Amino acid sequence: MVRIRVLVVDDHRIFAESLAAALAAEPDVDVSAAGSGPAAMRCLERAAAEGRRFDVLLVDADLGDRAPGVRPAVPLPVQEAGEDGTVDGISLVGGVRSAQPTVRVVVLAEKDDPRRAALALQAGACGWVAKDCSLSRLLTVIRGVLRDETHLPPALLTGVLKELTAARRHRTESERLVEALTPREREVLRCMVAGLGRKAVAERLFLSPHTVRTHMQNVLGKLGVHSTLAAVALARRAGVGPVDLTGDVVERGGQLA
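In my numbering, the protein residues as written are 126 to 382.
If a hint is listed, it holds; no wrong ones were tucked in.
Pairs of lysine to any residue, SDA-like flavour, derived with a Cα cap of 25 Å: (1) Lys324 / His335; (2) Lys256 / Glu151; (3) Lys287 / Gly249; (4) Lys324 / Arg311; (5) Lys287 / Gly364; (6) Lys236 / Cys258; (7) Lys287 / Glu300; (8) Lys287 / Asp238.
Restraint ranges, calculated between C-beta atoms of paired labels, are given here: (9) Ser261 / Glu312: 53 to 59 Å; (10) Thr227 / Ser261: 24 to 30 Å; (11) Asp237 / Thr336: 50 to 56 Å.
It should be emphasised that the hints constitute simulated quantities derived from the structure, not laboratory data.
The model shown is predicted, which means the values in this text are computed figures rather than measured ones.
Glycine is no exception: its CB is placed at the ideal position from the N, C-alpha and C atoms.
Using the sequences and the hints, build the whole thing.
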């Protein structure tokens, strides 16, 4: 019998233990539980190192984030995650899919939310399931995602499609704006995405701070935004990544700095 390895990630201990116990009663399911994003990443890394990778992750949508709203879904390596479990569920999806793309991730939610479900799918989730669904329904989803199926509640489908369509429209508009930049302005924008300030950009591109200031103003103007943060957000929507800061070596006066 092929066994399915499942990791439940939820900071509500009673819920996590109850769900794990219910799943463990299935003859073909091995289950473990983690109470935070960092703990989940450590479990995944340890299991991979021991040659017994998890197949499916069940992640609480509200993991470590009880405040309204949701932070952007971005890959989050375990070494960057806090020990207090403040990694939200959607961000964890992105981190898992980046670190271990073969793991299928299903988000467990207390309520239907088309926007958050769309964010979860964009981050790499394979399903969105209500926490109060039946065990048989959850097992159907678990086995389904292992067959590369995507599972959403029927009531959410229309809303999620609208959100994904809107996100694509925003991305297309952002791409159009970025394409209007000159090659040098795009290079400056990538430096901004990497979090470099004016002085650091000037040193990296061998430009004067005044010239960099002019380029940054031009970038903001062409993108139609009024701050660096807004420019970075638009750049990320357009798929613009940061410059590679690893291994940078700047030569000055015949010496390496």
